[in-house]
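2 protein chains.
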Amino acid sequence: MRIGELSTRTGVPVPTIKYYLREGLLPAGELTSPNQAQYGDAHVRRLKLVRALLDVGKLSIAATRTVLDSIDAPDNSLHDRLGIAQHALNPAPAGDPDSADLLEARERADRLIAERGWLVESPGPARDTLTQVLHSYLELGQQDLLVVLDDYADAVESLAASEIATVGRRSDPDSQVEGVVLGTVLGDALITALHRLAQEDASARAFAALG
Amino acid sequence: MRIGELSTRTGVPVPTIKYYLREGLLPAGELTSPNQAQYGDAHVRRLKLVRALLDVGKLSIAATRTVLDSIDAPDNSLHDRLGIAQHALNPAPAGDPDSADLLEARERADRLIAERGWLVESPGPARDTLTQVLHSYLELGQQDLLVVLDDYADAVESLAASEIATVGRRSDPDSQVEGVVLGTVLGDALITALHRLAQEDASARAFAALG
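Protein chains in written order, with our numbering: chain A, 1 to 211; chain B, 1 to 211.
Note that these hints are calculated values from the structure, not bench results.
Where hints are given, some of them may not hold.
Same chains, same label: a pair holds when it works inside one copy or across any pair of copies.
Claimed, not checked - SDA-like cross-link-like pairs, simulated, lysine to any residue; straight-line CA separation at most 20 Å:
#, residue 1, residue 2
1, K18, G117
2, K48, T10
3, K18, Q38
4, K58, H87
5, K18, A28
6, K58, L140
7, K48, T8
8, K48, S99
9, K48, L138
10, K48, Q143
11, K58, E5
12, K18, S7
13, K58, L138
14, K18, R2
15, K18, A42
16, K48, S175
17, K48, Y19
18, K48, A204
19, K48, Q176
20, K48, E23
21, K18, E121
22, K48, R106
For reference, chain A alone in the conformation it holds in the complex (with noise of 0.2 Å):
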């Protein structure tokens, strides 16, 4: 197909298309002539995958890009690219090194990670990702909502056995592979919304009426 079929198809602009296509994050179609190129279903497939990582996920060019690159690389195991996809969603931590604050969370995500036996990077970008949200809520003073910290531990852990496997029973290895790395950006995003939705929820029933 042409580049207006693929825009059609994909409801993404041409304009768009073209600037993926310059940033490396669409394959260059093939060349039928000087002026133009065809685009197959492959094509069609990318492009959505390049839309749900930078309006799903929220990721930068940059970022998407590594991903990509995550999924199309040949010689990794799933676990290397899962790690290369983490590695792109979590920026490096900002903050003072040396606050009381910063070592108490990475204390607290240490220990947390340890009583659970979680077989993860240390240091490794999850872990960073879990000690600056941690002291985040130490710095802003609201370490009474930590209350929930076993909870949620208890219930991503049993979520992510389940996605994980759910991806080990796809035939197709191509698939495993998305499904590894889009588990990781759709997975958030999914947990995300419903939290909102709870808690908007939870909010309406304790506080609607209250003013």
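Place chain B on chain A using the hints.
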């Protein structure tokens, strides 16, 4: 304190503080001479809040301003302020409004909310976000990963109830307001961080040695 000490106490560079002042994220200090302003503990606290919303919540400057306005609005109920924050956090969904996948996503989101009896706006930002995320799962052929949808919903329902109850136990109204708004931003970040850790662990157990 002068702006230099405000910078030292928060770790935020002076030019960045001046930028936040221009953007209205931080109230002006008290002028003690035409070229000099004094800042207080309220500025320290607000500056940490701004950094948490920008760095941990990944909000834009405009969304941060909206969330801060919701905290400062004195006449709104706690529930109304949560609503303002959620609107700032959830941009309107993209995508072709007539596509079959989007219609199915909306139907699934509405059905899940109805089955749970959740009291949420219709239309509303949290509902729209769930629709958009489900749409991405369907469009990218990742339906099988939605096997965890009901388990996710169970988990967040009890977590949100705990969080809102914790905020309700606070005695200071200002602190309740901050808790409701920060509970959304930090709660999302916390559950996302734990989810990624649990995924890394589950992936390490399932895939690390398999290649």
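Hint by hint, here is what the structure shows:
{"no.": "1", "hint": "K18 to G117", "verdict": "neither (47 Å within a copy, 45 Å between copies)"}
{"no.": "2", "hint": "K48 to T10", "verdict": "within (7 Å within a copy, 42 Å between copies)"}
{"no.": "3", "hint": "K18 to Q38", "verdict": "within (13 Å within a copy, 51 Å between copies)"}
{"no.": "4", "hint": "K58 to H87", "verdict": "both (15 Å within a copy, 16 Å between copies)"}
{"no.": "5", "hint": "K18 to A28", "verdict": "within (10 Å within a copy, 45 Å between copies)"}
{"no.": "6", "hint": "K58 to L140", "verdict": "between (25 Å within a copy, 16 Å between copies)"}
{"no.": "7", "hint": "K48 to T8", "verdict": "within (12 Å within a copy, 46 Å between copies)"}
{"no.": "8", "hint": "K48 to S99", "verdict": "between (43 Å within a copy, 13 Å between copies)"}
{"no.": "9", "hint": "K48 to L138", "verdict": "between (39 Å within a copy, 11 Å between copies)"}
{"no.": "10", "hint": "K48 to Q143", "verdict": "between (40 Å within a copy, 15 Å between copies)"}
{"no.": "11", "hint": "K58 to E5", "verdict": "neither (26 Å within a copy, 35 Å between copies)"}
{"no.": "12", "hint": "K18 to S7", "verdict": "within (10 Å within a copy, 43 Å between copies)"}
{"no.": "13", "hint": "K58 to L138", "verdict": "between (26 Å within a copy, 18 Å between copies)"}
{"no.": "14", "hint": "K18 to R2", "verdict": "within (12 Å within a copy, 50 Å between copies)"}
{"no.": "15", "hint": "K18 to A42", "verdict": "within (16 Å within a copy, 48 Å between copies)"}
{"no.": "16", "hint": "K48 to S175", "verdict": "within (15 Å within a copy, 42 Å between copies)"}
{"no.": "17", "hint": "K48 to Y19", "verdict": "within (15 Å within a copy, 37 Å between copies)"}
{"no.": "18", "hint": "K48 to A204", "verdict": "neither (36 Å within a copy, 28 Å between copies)"}
{"no.": "19", "hint": "K48 to Q176", "verdict": "within (17 Å within a copy, 41 Å between copies)"}
{"no.": "20", "hint": "K48 to E23", "verdict": "within (16 Å within a copy, 35 Å between copies)"}
{"no.": "21", "hint": "K18 to E121", "verdict": "neither (38 Å within a copy, 38 Å between copies)"}
{"no.": "22", "hint": "K48 to R106", "verdict": "between (38 Å within a copy, 18 Å between copies)"}
Consistency note: the structure conflicts with the earlier hints numbered 1, 11, 18, 21.
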